[in-house]
Structures are given as structure tokens and as C-alpha cells.
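Colleague: The primary structure of each chain is shown beneath.
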Amino acid sequence: MKIEGSYTVQAPRDAVWQRLMDPASLARALPGCEKLEPNADGSYTAQLNVGVAAIRGNYTGRIEILDAVRPEQYRLKISGKGTGGFLNGEGLIMLAETGPGTTEVRYSGDAQVGGLIASVGQRLMQAAARQIVGEFFQALGREVQSQGG
Amino acid sequence: MATALLGERIKRKEDPRLIQGRGHYVDDIVLPGLLHLAFARSPHAHARIKSVDVTAAQAAPGVVAVYTGADLQGKVGMVPCAAGIEGLKVPEHPCLAVDEVRYVGEPVAVVVANSAYTARDAVEQVEVEYDPLPVVVDPEKALAPGAPRVHSKLADNVAFVAKLEGGDWKALEAEPGIKVIRQRLINQRLAPVAMETRGVVASYSPGEDLLTVWSSTQIPHILKTQLALMSGVEENHCRVIAPEVGGGFGSKLNVYGEEGVACYVSKALGRPVKWIESRRENLQATIHGRDQINDVEVYVRPDGKVAGLKCWIIADLGAYHQLLTPAIPTLTALMIVGAYHIPCVFVETKGVFTNKMATDAYRGAGRPEATYIIERVMDLVAAELNLDPVDVRMKNFPSPKDFPLALPTGVTYDSANYQRTLKKVLKAAGYTKLRKEQERLRKKGRYLGIGLSTYVEICAMGPSSRMPAGGWEFGSVRIEPTGKVTVLSGTSPHGQGEETTFAQIVASGFGIPYEDVTVLHGDTGVVPMGIGTFGSRTTAVGGTAIYLAVERLKKKMARIAAHKLGVKPGELEFKDGKVQTAGGEKAMRFLEVVAEAIFAKQLPPGVEPGLVEQCVFEPANFTFPFGAHLAVVEVDPDTGEVRLRNYYAVDDCGRVLNPMLVDGQIHGGLVQGIGQALWEEHVYDENGQLLTGTLMDYAVPRAHQFPWFETATTETPTRVNPLGAKGVGEAGTIGSTPAIVNAVVDALRPLGVRHIDMPLKPEKIWRVLRSASAA
Amino acid sequence: MKIRMNVNGNWREDDVEPRTLLVHYLRDVAGLTGTHVGCETSICGACTVLLNQEAVKSCTVFAVQANGAQVTTIEGLAREGKLHPLQQSFWEEHGLQCGFCTPGMILVAHQLLCRNPHPTQEEIRKGLEGNLCRCTGYQHIVKAVQSAASKMSATEPVRAVAAAG
Amino acid sequence: MIPQSFEYHVPRTLEEASRLAAQFGADGKFLAGGHSLIPMMKLRLAAPKHLIDLTCLRDLAYIREEGEHVRIGALTTHFRIESSALLKEKCPLLPETAREIGDVQVRNRGTIGGNLAHSDPAADWPAAVLALEAELRAVSPRGERGMAAKDFFVDLMTTALASDEVLVEIKVPQLGHGTGAAYAKLHHPASGYAMVGVAAVIALRDNGAVERAAVGITGVGPKAYRAFAVETALHGKPATQAHLNAAAAHAAEGVDVNADLYASAEYRSHLARVYTRRALEAAVKRARAAATA
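Chains as they are written, first to last, in my numbering: chain A, 2 to 150; chain B, 639 to 1413; chain C, 70 to 234; chain D, 8 to 300.
Bound-form chain A, shown alone:
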């Protein structure tokens, strides 16, 4: 499943970058994040209760940030499994300053979903992914604001 889109955050690029790299901010912004712990190799272990409306599942996974070029782009690698099956994804996150104090975050990636969700949720998957990503960026925006940019 291809996931791509962009989101505009009302904050300078550096500030957005900082939030994206900050475990505490990420933990708050990731939808349904119950736990986010850094590992020795720089990756994170995350526990999420994620979904849309009543369709929710508990997932445990690993989040890795690779090839970071501060403050422009990085690759994000996610793998997780839980009640709804498993998810593996990899994508590129790019930050561009589109105006003074305005940053456009563009993301494009490929996610592979397996198990229950893949076999019964086909119809809703794309829209659900879009919504969850949207929730994340909205929360991230709030993070940036509350941290005073």
C-alpha cells in the first residue's frame, strides 16, 4: 500500500525537525502511543493502541530513523505486530520551508499490512492510514506550538 501526502506545520523547519527527533514529542504525537522507549541502537520500541473509531488494535513495534539529513529529510522504518496482524513500512520524510515559519512535511512510503487487517479491512485501509497519519501531523503541529516553536 502506497502512503503519501503532505502536511503543513506552522513552525520553522528546525523546530519541526527537533520535534520529529524528540522521543517525548513523538510519544505524544503518535496516535494511541502508550510507550516509546529508545533502544541502544538508536531505534525505538513502541506500544500503540491505534485505529479508527471502534476499530482498534494493540501493536508492539520498532521505529527506526535512518539516513537523517538534518533538517531536510530522513527515512523512517516501522515494523510492528499485534492483534490486527503485522505492519512493515518504510518511507521518506522531507521537510521544506514553504514560507516564513511554515514547514511542509512531505511523506511517501510503502506499507505492507498482513493478517487480519489485510484480509478484512481492505476497503477502509487506505482511508484509515491517511487519517492516522493526519492525526499524527496534527498532534505534531500542536507539539511544535506548545514548545514555542
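If you're looking for bench data, these hints aren't it; they were derived computationally from the structure.
Where a beta carbon is used, it is the ideal one built from N, C-alpha and C, also for glycine.
There are no misleading hints in this set.
Listed next, the stretches of chain B that the computed footprint assigns to chain C, with coverage defined by at least 3 CB atoms under 8 Å from CB atoms of chain C:
hint, stretch
1, 657 to 664
2, 876 to 885
3, 916 to 926
4, 1301 to 1307
5, 1335 to 1347
Model the placement of chains B, C and D on the given structure of chain A, informed by the hints.
Modeller: For chains B, C and D alone, kept in the frame of chain A given last:
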């Protein structure tokens, strides 16, 4: 009480229990101390199993035991494959995966609990760690050098290559004026979707060392042999019962790993266990059907005579062999020339492993693919040469006098009159008028399409020499002291209605009331031997065994009666509950003869007491039913939606024993065949995830999608069996699919459309319409 | 949780888990196995029963939701050993093959004829849209419903199956 | 097929229902007909710990006329709407839409309120209430409030309802003189959901020009939406075929269009345009008939 005669429309014996909800399917069987199974299944299409942790599941409330593949290793045999193909690679197929999983839904562990609810809860707690491996989904990619291998122990993904060749190809290829038409045809993967999913109850009694298994199966006797081999219980201590079976369509012509596991668990725990497949499991892990890529080359003369046909078949077998997986596509090769006299034929069939559930027999099993190929070919030829599809067919039909007709494919067609069925369907449909209507509508921008299919199928399977594990069938007839007749059949009908047909055969043979006959089947403890119900064989082969047993009994009864009446046995007939001379001057009541035979007071010398005869009928050949179908469709030019407006079917299944049942078989088959043409498709994504995982996505046809089917029959009896019946279980499925596709392509012909692959979803057609209007 | 239900004319009281589906309650607790399970997504209609005289998919109702209700299953359709006209017609017109979808088909047809005693072919097909049959191709089912409709209108007004009698 | 365990609650009053919902938060779900929720629970896509059954609140099942409005209780089943003589006369779009939902068993049991609160992206009711510019009324411990349909659908399966808010009523303005409405739907062949479903309401002036158009579309995007661009394109224009065609072309404008096995985003957009045109055509025809009646 009327004496039932063959050929009459008789209400079914099966129905009173079924219409009152009093039949017993597997899930309706309850035994004391029954435990329930739930399977943990792979969410990955291909992965190494790193670890299976069952501690949490074992500790869950109500759980009695949990077993993994490793636990069962060496204790339960492999899932069997009976197909005998030269050079066939047969990978190990354990009931529960041990080191590797190779398709989504492959069972990995089993939870045994005191209720289905607790088993379902606990199965989620089985923790499996997987290490994903490269996945291969597309069979063509699986054939490419360096492709990921489904089975690392095998050199590549090719399970077998089979070739079939006949005729003088050299001469044909050199023939001046010969035209070659090429086309790729895709026959998509389908799910059988019997309304009752699979299910099994296994009950092992340690004292008697007796394993009793209730399974929703089409082949209780074969299953008994296989489960004995898998479970290690001696076969004469095994009993398999097929209770009411809620449809099979080939998907229950199999031996599944879950059945082996159920037997093992029952034996290990000394308690009965039940497993009922969920619909999700059914779509994932019950065999799939079809899934072939067919590249055809047609050699045609300018007058429309097809002189040669080449086809390269890539058959997607899935990850493992089930009972007949590799054998199914070889049936395609066997029937590829269809109802036409095509002297040169070449077929190469490649069976390919992929990370998907196994394909196997689904209603038609290899023959719908053949029919689809040849019937599309006839329309391609007609389009290419600008001929009427009717004329092309008529030109290529053999004459009724040519039968029995030996073909370059190695089979001999028994009897047919293809011209007659085609003419009859054209008349029923008003073909000429339809073509005129089409012309008129085209001028208004409306797309009406008329599609034909003149199919032939191979049925009544079959001579043992051509079958993997015997093609005979067992039947026995016993007359009880009260005159009631008990019939045993080795077939295992599950909706086809042979309790009725067989009773008709017996009642009409003896001249007794139909109500006096009871047919028993589907229990290896009751019926000594049998093969089962599949390949449209039950009436033609199983019914013949019963017919012959009746004839033997009649001979014996005639001897007894003749002795008593002082006439010659040959002078006696069985009529209206009597055994009598032709004029009825001398007669005994049927029941009197029965009493004579059983009480044995004055039997003629050399005659054994009792009235029981059995017969194992071995057919000398297959039968080849045929028919002509015509579909009328209209395509919505805005959206590409297809509306099926009319459907006409004329089928010839030899002698018709019960026209009502024949009609029912045709109707059901039509809906499945039309379903394939228009809606059904079982879809995996490129990672091997099954996307059509529920009936919310896999489109089983519904009542409102169909017009009233106009059906009729012709009767061209076969000489392969004394009943003259050929079999009708699969005809509708086989004949209808190409008729629909031909109709839709015909509708779009003014746009230059030559072919569209199934299913003919609106989007595909819309794209064709759009590119045509752009051009 | 304790529930009371009138099933085929008899009141019963049972203690069930709230998550128990009505279909499992009927089959496993009440022992009425004529109601079948054919899918898990409320599509196939094999589990159709009459709940307070309305056709419902009993796989999509919790037993606790039917507390106090009247339920009619296929076992409750025949009266005093006499088949209901629909059962009779399904038999006569070969409206079933494997029989697995049949109880649901008969009950949904019952609903249809209660509301529309003289349905057209199209209305019958539409009335069956929530029930899948893989065997019959539907045509004989449609015929059976037509035949039952004429039987029922010839003899008596459509008999609503009231569980309490 | 077997849902996870939950606790089952049967509140006797709305207040109690609302209080329970507040107490359980994300762990609780309201249960009405159950035809959206139970299927998801059986697949274990959803596993609420508490179910609050609203069906005992029987006074929420009603259809009545009050002044210029028709009021429908949230627990009214699809079938009651489909068969309501009052609605057939006063607001035929509702029975017409109801008829297209699921199947007879689903319509016997499913409720309009449950359907709207669940807000499946392919459900039928959202299109109709959008086109009818209905008001959706809800009750919570903070009191009762009304929401315009256009503000009700927030995102995929997400509505403007707070978690302790119970949808109680759908208040539909009656169509005036010279107004027609229609629902055009393409069913998914397996699920019966709307591949696309378009509800259109058209009011015509005496001169045949479009006075007012309201179009609700479901099945196309992550949520049902008002096709304002279509409406604007028609406003004040004569209801000719050319204008209807031109307006319908805006049907999927600005929408993140769904894609699934049966229809790509591109095709679904096309379907949205075709079915919008068809709904408009039918609505105009009925508006003309209503004007001459």
C-alpha cells in the same frame, strides 16, 4: 403410491429433514466431553518460524492443550497428494507448519479448549515469531531465473511439466493460407465457498482402539484410508462418516491437515474433538479453484476451419499439493479441443508453486478452463474472419455419425449431436431476431451482446486406468424381510439428490413403490467400499453399480419365483409390486418372493438364501456430456456495468433420470459459471496477502443478479453405462462462463474489442470503452 | 447474564455470557441446530430466524439483546406435524440441494410473504438478497416462493408465526 | 465469528446511557441495532469492553410530522423508514434510500441512528441526510443540541458526536413545492455497500431554473460529503441536460477518493459523476412533477 419410473420428476427423499432443520451437519454433532479446536495461522505468505510460544495460550481459561508443528512431527503423517504425474515434485506438507510457512492462513499451532469461545480466545495468545522470507505470488515471476523459491529444498518452482501433442504439425505449419491467431487468456483464481464450511469431529475410543471421524467430505472412504495412514490407527479400526454435507463443489474432495490434527488430538487426549472452519479460514485455507494463464495459438483456414491449436498453460498450484492439485490442470489439456474436430493439438502444462493456498478441484476442475479457451477461440476466429460465431462452430463440429470419436488429445468421445443442441438453443433464443435487435440498438449507441458456448465436458469419472485411486464405484441392494429395500452406495452425494435418483432406479427396477427404498451412503461403517462424489460421476457410475445390483437380484428373484410358479425365469417381469408373467396370468407378490428368498423354505437348488447383491462397477470410458448456451447481455456505456438480460441453455447429459434434479444442477452450475465471468475473483496482493478475505469482498452471486434461465435438454444416451446417463453436476459451470464473456466481447465489438479478461468488472469495461472513444 | 426467551412457543431461561451470539444460543444452548452459520460477516443469511416475527441474522444479534423476545426457528415452522406451505413448496419445487441455506431461505421468504403476499419475480429476488445459496442458482427457490404465495393466498391469509401461538 | 468478552449494560434512561458512556470512555460503545458494530466485533476488529445497549430506550423509535419537519427517532429501523406511509408522502427520499441498505434482515434490525453514528464511509444514510439538510440532534449530560448534517461527518468513521453523546433524532425539513429528490446507488457486488451513492434534492423555480440543489455523496471519500461544487454549478441555471451534466462533473472535486479491489480512485470518481448526474436527472423529473401536481 405410484411406482416411480426413471425419467419422472420426483420430489426428493432428502428434503423433509432438510426443510425442517432436522438434518445433521458436522457442527450439529455433539458428543459427551467434546473439546473444541482453534488453529493459529500464519499472517505471512512466506516466513521462517523462529519460535512458537504457547505458554500464555496454555494458561488461558478453559484450555486443555496446545500443540505446535514441532509437537506433531513424526506423529501425524503428511497431507497426502494422490496425483500421479511423471516427474512430479511433491514437497513435504505437514499438517501444522514446522520450520516455514508458505501461504497466509497456513496452520501453525492448535489450541484445544472446552468451548469454541475459549479456544478462539486462547488462539490469539499463541505467540509466533516469524522471520519473513521473499514471497513469490505471480506464477510467471515464479518461473523466472533467480525467483524466490517456495520450497528451498527444490531446485525451482516448477512442480511439473506435462506435454500433450497430436496430429501432423509439420504439414499444418507449412500449409499455405493458414492463419495464426494468438491470444492470452487468464482464468482467475476462485473460492469454492460451499455454504457449509469445512468441519470435523474426531472421536477416539482407546478401549476399542476405534477412531470415528465425522467430516464434511465428498470422499469418506478415501478419507478413511488417508486418515488411517496419517494417524497410525489401523484402517480397519477407522470409521469415517460424512453426515449432511452443506455443499462441496470439489473443495471437500480432499484430505486436509486439520483433519489429521483432529484425529491426533483426539487420540492423544482420549476425548472427542470438534473443529468448525470459520468463513475467513475457509477463504484462506480451503482449496481454491482455476488460476491458469493460457497462451493460445490457433491455426485456422480462411473458411473458418480450425486445423490446429497450441496452448501453453501456466497453472498456479499454490504452495503445496492437496489431494489432486497437480492433476487438475492436466484435465484442461485433455479437453482443450472441445466440441470440435481439430486434428492438430499441442499443449504444454506447467504447474508452478507460489506462496498461496493450493488450487485443486473446484466445480468443473480443469474443464471450465479448457472450455473457456476453446469457446473464446471460436469467437476469436469468427471475429478475425468476420464470420458468424454460429457458422464457425457448425463448420468445426464433428458429425453425429463420427462417434465414438477418438481425438488427438487421447480421449474418445462417446456420443454427441452438437448440431442439435446448438440449433435448439438458437431457436429458443430467437437468434436471428436478436441479431437484428442488436443492430438496431447499436445505432442508438446501446451495446447489446450475444454470446455462445457449445461445450463438451468429461464426466462420470472414470475408468480406473485413468484415475489416481480407482474410478469404479460400489453399490449394494438388500431386500429386508418386510420388503423394504436398503441401498448402499460408495458415492457420497451432498445436495445432488441421489438418495432420490438411486431410489428411482431401484423402485423402477423392482416395480415397487419409491417410498419403500432407502439409500444409505457416506458412512464407511455401513458402506464397505467406495470412491465418492465428484467429477459428475455419482449417477453415471454409482447409479450404474446399483442398477446392476438390482439386475442381479431380479435374476435371483425371478429364479425363485419361477420355481414357485412353474414358469421360466425369463418369462417373468417386475411390475406393480408383483413378479409376474407378461400377461399377469401367473404372479407372485413382490413380498411373497422376498419371503421365499429369506425364509428359504423351498428355494431352487443352488440358490443361496437372502436377497443382497452388490456390484463394483468399472466404467470402460468417461462420458462426454455437451450443450449449447446463449447469453444476452447489455453493457452500460456510462459505467461499464453488465446486465445479464437473457440466458438460454440446452444441455445433453444423456438419459435424464429426474428432470427436476437435472434442472437444479444446471441452474446452480450456471450461477457459478456466470459468477466467474462477472464477479468472482480471489485476490492476493503482491506480498501474498489475501485481500478477498471475507464475503464482504469475495462476491458470491445473489438471486437478484439473474434473469429467468430458459433451460431445455436433448437426450443422446451413452453406451458407457447401461443407464445411458452421462452426468450433469458440472455442465452449467463449464458451459456458462465463456457464453457470458463472448456476449460482452460481442457487445463491444463495434469498438474493436477483441478480448477482456475475467471477471468482467465494470471498471475494466469502462476502461475499454474509454480508450475506444479516445481512439 | 440471565435471559428469558420464547423459542418456538416455549419460554426458557438461561444464563449466558453477554457475548453469546443468538445463533450460538439457539444451537448450543437450546439445541436447535436447524439454524446454521455460513459466514462471519452478516452476509450469507444462513442463520436467519424470526425475532418478534421479523427476519434477522441471528449471527448479528447477541442473545442478551433478544431477552424477553419471541424467536421462531425453522424447527418451529411446521404445525402439528403439518409442513408450512413454504416448506411444502421448497420440497415440491426443488428449492434446495445441500439444504444448508434452506432454513434461512425459508424464513426470509416467510418474511417476504408476510409483507407482500403476491410478490413479483423481481420482488422475490430482491427479498432474497440477504441470503446466499451456492447450489440451486436461486431459480427453484424463486419458484418455491411463488408457489407458496399462491398456496397461502388460496387457503388462508398469511399466517404470521407468533411464537406464543 | 466469536467476539471478545464485554460487559453488557442496559440503561433505562438517556441520562444513564450518557453517564455510562462518560464513565467508560474509549472502552465503551453504544449498541443500537448492532449491524455496524457486531460484524466488526465478530472479526475482532473492534473489542469494546463495555456495550451500552440503547434499544431499551423505546421512545427513540418514532416517525412523526411536526410543523415543517419530519422527526425520526434515532432507534427507528431502516425497515420502518422504508415502509412508512408518512415518509413516502412527506419525504420519499428516505424510504427510497432505506430500500437500498443491506438486505431485509439488516433493514429489520439496523437503525438510522446507529448507521449515522457509526458513519461508515459507504453507508447510505449519510448521503440522504446531507442532501435533505437534516439536523442531527444529540443528548449528553451537558444537554441537547442539534448539528447540521454537513457538520456531522468529520472523518473516516468519525462524527461530531462526543463519546458520551447519544444521537437521538434526525429532524428533516419537508420539501417545498416544486422540489424533487432521488437516490442513485451502485452496490458493491459482495458487501452491498455503496460503491457510490448520491442523494440529490432539487427545487425548481416556476421558470424551470434551479432554485436550490443539495447533493450528498457517500462511498466515494473517507466520509460522506456535500457536493457543494455541484450545487453551485446548478444554482439559478435552467435544469437542462447540459447543465446537469456540467454540474455532475464536479461530483468528486476536492475529495480524497477511495480505492479498493472493485474500483480505483479514478473509476470511482467517474462513477460519482455518472451517479450524480443520474440522481440529478431523477430529482429534476420529480421536481417538475411536483410543480405540476
